[in-house]
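Asks: Residue numbers (this note's numbering), protein chains in the order written: chain D, 1 to 83; chain S, 1 to 419.
To be clear, the hints were calculated from the coordinates, so they are not data collected in a lab.
Where a beta carbon is used, it is the ideal one built from N, C-alpha and C, also for glycine.
It is possible that part of the hints are untrue.
[Said to hold, decoys possible] Have a look at the derived ranges for each label pair, beta carbon to beta carbon:
1) S:Lys-72 with D:Asp-2: 20 to 28 Å
2) S:Asn-102 with D:Leu-53: 29 to 37 Å
3) S:Lys-58 with D:Gly-52: 16 to 24 Å
4) S:Leu-138 with D:Lys-22: 45 to 53 Å
5) S:Leu-138 with D:Gly-52: 51 to 59 Å
6) D:Asp-34 with S:Asn-102: 23 to 31 Å
[As the list claims (entries may be wrong)] Heads up, simulated DSS-like pairs for lysine-lysine below, C-alpha to C-alpha not over 25 Å straight-line:
7) D:Lys-22 with S:Lys-72
8) S:Lys-129 with D:Lys-76
9) D:Lys-30 with S:Lys-72
10) S:Lys-33 with S:Lys-415
11) S:Lys-69 with D:Lys-30
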Amino acid sequence: MDVFELVKKAICKVEPGLDESKIVPAALLKEDLDLDSLDRVELALALEDELGLYLQDEEMGDIFTVGDIVALIESKLKVEKTS
Amino acid sequence: MAQVEKRRVVITGVGMVTPLGTDVDSNWSALCKGKSGIGPITRFDASSLRCQIAGEVKDFHARDFMDEKFVKRFDPFIQYAMAASVMALQDAEFRPGQYDPNRVGVVIGTACGTNSYFENAHRLVLQGKLNKVPPFFLLNDSGNMVSAVVAIRFGAKGPNHCPMEACAAGTSAIGIAFRLIQNGEADMVIAGGADAGVTPTCIASLDNLGALATRWNNEPEKASRPFDAKRDGFVTSEGSGVVVLEALDTALRRSAKIYGEVIGFARNCDAYHYTSPTPNGEGQAECIRLALRDAGIAPEDVDYINAHGTSTVLNDVAETKAIKKVFASHARKLAVSSNKSMTGHMWGGSGAVEVIFSLLTIRDGVIPPTINYETPDPECDLDYVPNKARRANVDIVVSNSFGFGGVNAVLVLKKLEGI
Numbered sequence: 001m002d003v004f005e006l007v008k009k010a011i012c013k014v015e016p017g018l019d020e021s022k023i024v025p026a027a028l029l030k031e032d033l034d035l036d037s038l039d040r041v042e043l044a045l046a047l048e049d050e051l052g053l054y055l056q057d058e059e060m061g062d063i064f065t066v067g068d069i070v071a072l073i074e075s076k077l078k079v080e081k082t083s
Numbered sequence: 001m002a003q004v005e006k007r008r009v010v011i012t013g014v015g016m017v018t019p020l021g022t023d024v025d026s027n028w029s030a031l032c033k034g035k036s037g038i039g040p041i042t043r044f045d046a047s048s049l050r051c052q053i054a055g056e057v058k059d060f061h062a063r064d065f066m067d068e069k070f071v072k073r074f075d076p077f078i079q080y081a082m083a084a085s086v087m088a089l090q091d092a093e094f095r096p097g098q099y100d101p102n103r104v105g106v107v108i109g110t111a112c113g114t115n116s117y118f119e120n121a122h123r124l125v126l127q128g129k130l131n132k133v134p135p136f137f138l139l140n141d142s143g144n145m146v147s148a149v150v151a152i153r154f155g156a157k158g159p160n161h162c163p164m165e166a167c168a169a170g171t172s173a174i175g176i177a178f179r180l181i182q183n184g185e186a187d188m189v190i191a192g193g194a195d196a197g198v199t200p201t202c203i204a205s206l207d208n209l210g211a212l213a214t215r216w217n218n219e220p221e222k223a224s225r226p227f228d229a230k231r232d233g234f235v236t237s238e239g240s241g242v243v244v245l246e247a248l249d250t251a252l253r254r255s256a257k258i259y260g261e262v263i264g265f266a267r268n269c270d271a272y273h274y275t276s277p278t279p280n281g282e283g284q285a286e287c288i289r290l291a292l293r294d295a296g297i298a299p300e301d302v303d304y305i306n307a308h309g310t311s312t313v314l315n316d317v318a319e320t321k322a323i324k325k326v327f328a329s330h331a332r333k334l335a336v337s338s339n340k341s342m343t344g345h346m347w348g349g350s351g352a353v354e355v356i357f358s359l360l361t362i363r364d365g366v367i368p369p370t371i372n373y374e375t376p377d378p379e380c381d382l383d384y385v386p387n388k389a390r391r392a393n394v395d396i397v398v399s400n401s402f403g404f405g406g407v408n409a410v411l412v413l414k415k416l417e418g419i
């Protein structure tokens, strides 16, 4: 599964009309993609829809870039696999 | 304390979204031609209901007025209000910096607020998908969000209200805005009303209540027929009207175009019944009297009444009685017409839209008709401007709105002269 593509798709869902080329791993959610705190809540829900994973508020709190989300999801998927 | 002189208040910008059109000009043109905005319900399957018609807003391009994210997040009633607000502020040629943001208020009323967003969210609850309920649900469900989002968009940091006063909400909102400026709490207020109630729950509830027109499913454009003997209920529609009110002195200072002056306002309650007006029209009559007194004018000064005129059996008789009580022999000389014969009943949106139409009546000297007036009702015996618009010089208009719960709101508008 390409987690980055899933995240990209979820961001597009939350922020319709966003120039997709801006969604790169280093992009800052707030400064570069204009996602405010409510958008982040919607993004977490959209990702949960896609992945069947539950992203906790405190986990989302440490997220600043697109790459951070990808890393968080990958680590959660790994934990799921091993447990 | 010394008596502070009340400031004069004018309307300098107008915007609307209704089943007749998504801008003021197309609405006014349709209204003067006597066109109906009523058609079959397309939003959901209404085939099991007695009333299968409504006034749906068509060809509304929300994205012309707000961004994609806003459209996704907010109920149509908020989208209509936002679009009408954008239009009204453009029309007023308002630019940030013309007023101290702390002196700019927003008062947008609604009868029911969010409906379709609620119904969609509740479907998820019934399906057990609690974790899928949109986080924005409660923001939509808080009626006041409609006034808040407009304030956020335009940086209006002054007083912010959302009167939930049923079908009087839009009229009441403009009246509250009038008072805020008159009493010096604000210099400019964006005010109006909005509702989007063409949803299964709303229409079914009103159908079961027996409030809707049920005999006209095959001729929807004939269903809303205020004051006609064959009327059998109102037709639900949806939309929003928003106006920009300003203190006369500050409006003149920025050379604003002025549609007319708000000179009187009153609200009261029948305290009689949930849905029926006082049968002798006394509650409504008292509200009109109070508004005339507030305006400092005599009944004989009024040229035209933009009626509440819902097309229900009870309203139209009670309103006629109320007009006769207040205006006595002058009631026969007055023109009275119902815009709802064409727009249908937009609930909280109607009062505000009707204020705008009243201002255009003053501006253009054209009284829009009451369409579908075919068979006189002996109990409704005034001049309802039947079926065809009429040219007339109109200086003073009384605009009536009466809502469920017995809430009444009346505004008095006047042509601005001698400035």
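Asks: Can the restraint linking S:Lys-69 and D:Lys-30 be considered satisfied, given a maximum Cα separation of 25 Å?
Replies: 15 Å, holds
Asks: Confirm or reject the claim that S:Lys-72 and D:Asp-2 have a C-beta distance inside 20 to 28 Å.
Replies: 25 Å, holds
Asks: Next pair to validate is S:Lys-129 with D:Lys-76; report whether the Cα-Cα distance is within 25 Å.
Replies: Holds, at about 23 Å.
Asks: Taking the beta carbons of S:Lys-58 and D:Gly-52, is their distance inside 16 to 24 Å?
Replies: 40 Å, violated
Asks: Just tell me: holds or violated, for the beta carbon distance of S:Leu-138 and D:Gly-52 against 51 to 59 Å?
Replies: 25 Å, violated
Asks: Hint check: S:Lys-33 vs S:Lys-415, CA-CA at most 25 Å. Holds or violated?
Replies: 23 Å, holds
Asks: Range first: 29 to 37 Å. Now tell me if the beta carbons of S:Asn-102 and D:Leu-53 are that far apart.
Replies: 46 Å Cβ-Cβ, so the 29 to 37 Å window is violated.
Asks: Could you grab the alpha-carbon distance between D:Lys-22 and S:Lys-72 and see if it respects the 25 Å cut-off?
Replies: 21 Å, holds
Asks: Given the hinted pair D:Lys-30 and S:Lys-72, is their Cα-Cα distance within 25 Å?
Replies: The given pair, whose Cα atoms are some 19 Å apart, holds under the 25 Å limit.
Asks: Taking the Cβ atom of D:Asp-34 and the Cβ atom of S:Asn-102, is their distance within the range 23 to 31 Å?
Replies: 27 Å, holds
Asks: Note whether the CB distance of S:Leu-138 and D:Lys-22 lies within 45 to 53 Å or breaks it.
Replies: Since the Cβ atoms of S:Leu-138 and D:Lys-22 sit about 31 Å apart, the hinted range of 45 to 53 Å is violated.
Checked against the numbered hints given earlier, the structure breaks hints 2, 3, 4, 5 and satisfies all the rest.
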